[in-house]
Structures are given as structure tokens and as C-alpha cells.
Amino acid sequence: MRYRVAIHILPREGILDPQGHAVADALQTLGFGGVHEVRIGRHVVVDTDAETPEAATEAVRAMCNRLLANPVIEDFEIAYVSSP
Amino acid sequence: MRFGIITFPGSNCDTDAYHAVVDALGEEAVMLWHKDHDLQGVDVVILPGGFAHGDYLRAGAIARFSPIMREVASHAGRGGRVLAICNGFQIACEAGLLPGALVRNGGQSYICDNIRVRVENADTAFTNAYQAGTVLRMPIAHGEGRFVADRAVLDALEDEGRVVFRYVDAAGVVSPEGNPNGSTRAIAGIINSAGNVLGLMPHPERVVDPILGPPDGLPLFESLVARVAA
Chain A
13 MRYRVAIHIL
23 PREGILDPQG
33 HAVADALQTL
43 GFGGVHEVRI
53 GRHVVVDTDA
63 ETPEAATEAV
73 RAMCNRLLAN
83 PVIEDFEIAY
93 VSSP
Chain B
28 MRFGIITFPG
38 SNCDTDAYHA
48 VVDALGEEAV
58 MLWHKDHDLQ
68 GVDVVILPGG
78 FAHGDYLRAG
88 AIARFSPIMR
98 EVASHAGRGG
108 RVLAICNGFQ
118 IACEAGLLPG
128 ALVRNGGQSY
138 ICDNIRVRVE
148 NADTAFTNAY
158 QAGTVLRMPI
168 AHGEGRFVAD
178 RAVLDALEDE
188 GRVVFRYVDA
198 AGVVSPEGNP
208 NGSTRAIAGI
218 INSAGNVLGL
228 MPHPERVVDP
238 ILGPPDGLPL
248 FESLVARVAA
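Chains as they are written, first to last, in our numbering: chain A, 13 to 96; chain B, 28 to 257.
No lab work stands behind these hints: they were computed from the structure.
All values derive from a computational prediction rather than experimental measurement.
A hint or two may mislead.
Here are a few chain B residues that face chain A, going by a calculated C-beta distance under 7 Å [stated by the list, open to error]: (1) Arg85; (2) Ala128; (3) Val130; (4) Arg131; (5) Gly133; (6) Gln135.
Beta carbons are placed, not taken as given, at the ideal position from N, Cα and C, and that holds for glycine.
For reference, chain A alone in the conformation it holds in the complex (with noise of 0.2 Å):
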């Protein structure tokens, strides 16, 4: 089976993220006064072919830990599995 797996991955908390802060601080100029923090990553979509929905995210995980996320800077979470 083929299956589509989705990853977040973003700058680990206390990593001081100079992108999301200027968002953060374009957002409130622009009167989103709630906003105190913005953070940006990116999103990852992997197509890869596995037996079940939980080999293909066990996979994608590998994936995060070797190549796609940087441990020592990023944090990364499955969005999603489906089929493409």
C-alpha cells in the first residue's frame, strides 16, 4: 500500500525563532493584539509505500530522526497519514 504521511516539524521551545518573531510582531502591529508567539517550520509530505498506516509513520519517523529533523534544534510531530 502506498500511504501519504504528513510531518510538522518546528523550532524546538527556547530556541529563539527570529522568522516567527518578526511575524509575531507584524501580526500585533496589524492589531492582533492576542498574539504573543509565532513560530515557523515547515511541512514535510512523504509518499512512501508500507504494509500498514502504523509502518508508514514508524518509517517517517526514522525518516525525522536521521535526515528530516534536527534534534538539537527542532521538534517534529506527525500531522497526518492517509492514502495519496
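Take the given structure of chain A and dock chain B to it, following the hints.
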């Protein structure tokens, strides 16, 4: 002695490194391709500056899996010296040869400038031709040069004298003005615990020729020769 300079697709300071080694230092250098599997018996590996693999995903993230990096890791594991400059520093961190990571500059923009760094530790294989405390002028050219690491890692680096270069201002003092990219604790260059892998964001290989100003980078290369000869 023999230096090996690795060219990745997107490296752009490899020939500068070659010039520094061959023309300024007067030593031998071989150019190695990132798909090579053989370091050709070199004493020192240079991971040069540039944008290896387009810096896609994260700077250095893809380059660290280039075939030759396996040889570089075993060279480093045997105590072989690795000089990782700019993009090379980013690759070395991604490869786990050095701790921490290099993230987007604090001011968000790419910086190309002449900055000052202070030699914090002159008792390394890479800095023994300097005096500790000397302030050097070197160029930087990077978008992702802000060094970050966990507090425990930072404290270990400080306690073990492994912060080798620190950004300073015109007075030779660590200050926000002297820290171009917002690096944690103004760290510009670090060394691994075994003392054989040095990474730094500034470009010593671009300041080895008096025609371009004071050759503040040359003693770094001379240090390596002195230590290997001794």
C-alpha cells in the same frame, strides 16, 4: 603534509582553501569529490564553505550523508584533523563531529562582512601559532551562523576550553554589537573534545595573502603544520 579539500555540489570556498594551503602555506593539497570513498592518505581534511546541496532542508543536512563523509568520520575517529569552515562547520555539526547547531542569523539576513574574533584558546592543534587573547579580522559570509546548543553543552564547551574563537567588537570585548549573528555566548568557533576537529564560521582561508590585508588566517594553517611536524 597533505591536505584534502572536499568539494560538495555547491561548495564555493574549496579553491580558496586550496590557495591558502598550496600558495600561502606551501603545503600539498588534493581536491576530493564528495562521492569519493578514499581520502588519499591526507593528514588534514578541510570541509570548505559554500552551499553544499543548495543548503536544502537545513545547511549541511544533506551533505553529511555524502559518501565521503563516512571516510571523514573514520578519519576523525582515528584522531585525524578536520578543519570545518562556514558551511563545513554546519556540515560537521549535522554529522555529529561537533556539538550544537547553526541556525538562521539573529537579524534574519545573510551577512557578508569583515568581523573580529578573539582567540580564546591558543593551545590547540589549530591555534598554537596565535597568542591567546589576540583579536583577528576575518570575513564572514553566511545566513545560518548563529551557534546554538543546550546549556549543558555550552557549559562543557566553556569549562573544557573548547570555545576557540569568540566574536568581539572593536575594543576586543564581547558585546551585542560585536556579535554579528547573535551566536549564543558569541561563539564563532569550537573544537571537539579530542581536539582534532575545529569548526568556525569566519573564513581564515580568505585572509592568508597580504595583498588582501593582514593575513590573520594564515597562522591557523601554520599551527597545523607545526603540530604535525612536532
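| Which hints from the list above does the structure break, by number from lowest to highest? | Every hint satisfied by this model.
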